[in-house]
Amino acid sequence: MTGVSTLQVEDGEADLRLDRWFKRRFPALTHGRLEKLLRTGQVRVDGKRAKSSDRVQAGQSVRVPPLKLDSVPVHKPAAPPVRPEDLAALKGWILHQDKSVIVLNKPPGLPVQGGTKSERNLDAILAAAADTFGGRPLLVHRLDRDTSGVLVLARNPNAARTLAEAFRGKAARKLYWALVAGKPERPHGLVDLPLAKRVGAAGERVVALDYEEELDLDEAGARRAKSRYRTIDNAANRVTWLALEPLTGRTHQLRVHMAALGTPILGDGKYGGSGAFLRMEGIAQQLHLHARRIRIPHPERGALDVKAPPPPHFVAALEALGLAAAAEAGADDLLDE
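Position 87 (the sequence shown) corresponds to 93 in the numbering used here; numbering is contiguous.
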């Protein structure tokens, strides 16, 4: 590229980090070079300065300065094959659908987007089902691979921009259900611990930092993170059923905060170690974290308020622990407070 150009973010690139978007488009551009272009404002998204961690949305414009790269191809990886059974199952995942929005109940174990370790992912399934929806639904937020539950999709770029802004501006409120090992010291409360990413022998993981006097979050590479929790029920102090509301949207936030309380989410070996596993019949060795409810402004009118039934392994655990009879009327009320 010898001059400044403006490139549009395509539907299939929605919700990519900006640095990963550049990696797809310009594989020969080094990360260090990109960071310099971002710092000096030479790369802009919709005319505004941006960071490498910002997520792009379909229809946005990216200003790309002269890169002076030799033979830079635009890399568009081939879509992974989609299993017929996934296309068939997709219809059963739909909780809500209108001309602007689709809300799914994502099953556990399904990545939202592809990665180096997994080809099967929701984004590819949605692409293969584009004709069914009159166009490819667009991702506006994500869930971890092993987290189940409510996932909001946009059906057009305008809806995608509106919904993405609602998530960024904290207009979206999310409630999760979790089964955690042990019992929190207090039945309800607020976890206010900043989170930072650290790389070790086991790869990248998120850590919680205790607030210390004059802690410099920028220097520590950390960001503020807050999570509300409330006890729904407890099984002999061995397992507690919690309602959780993340007040910020950090990577693995709920998982790290629950581990920091000394009550890791069942099945979360990454952050809870062996203490996250309960050897008991009916308790699967899977992550017991479910995005139960979301309340978000609708792109056109009013608000969406959608609940997702928990997956089979979560239901089985509730039954095995004798918690299934707990009054669910109060299990979703955290968002109403």
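It is worth saying that the hints were derived from the structure and are not from the lab. Even glycine gets a Cβ: it sits at the ideal position worked out from N, Cα and C. Mixed in with the good hints there might be a few duds.
Claimed, not checked - With a cut-off of at most 27 Å between alpha-carbon atoms, the simulated BS3-like pairs for lysine-lysine come out as follows:
(1) K189 / K54
(2) K29 / K189
(3) K29 / K54
(4) K203 / K276
(5) K176 / K203
(6) K276 / K232
(7) K176 / K232
(8) K232 / K29
(9) K189 / K276
Claimed, not checked - DEER-style ranges, computed between Cβ atoms:
(10) M286 / G38: 48 to 58 Å
(11) R39 / G279: 24 to 34 Å
(12) G268 / P33: 43 to 53 Å
(13) G206 / D104: 39 to 49 Å
(14) G53 / G175: 43 to 53 Å
(15) L196 / P71: 24 to 34 Å
(16) G38 / K203: 15 to 25 Å
(17) R211 / G175: 27 to 37 Å
(18) T12 / G281: 47 to 57 Å
(19) R39 / G175: 44 to 54 Å
_Taking the earlier hints as the rules, which of them does this structure contradict?_
The structure breaks hints 1, 2, 8, 11, 14, 15 and 19; every other hint is satisfied.
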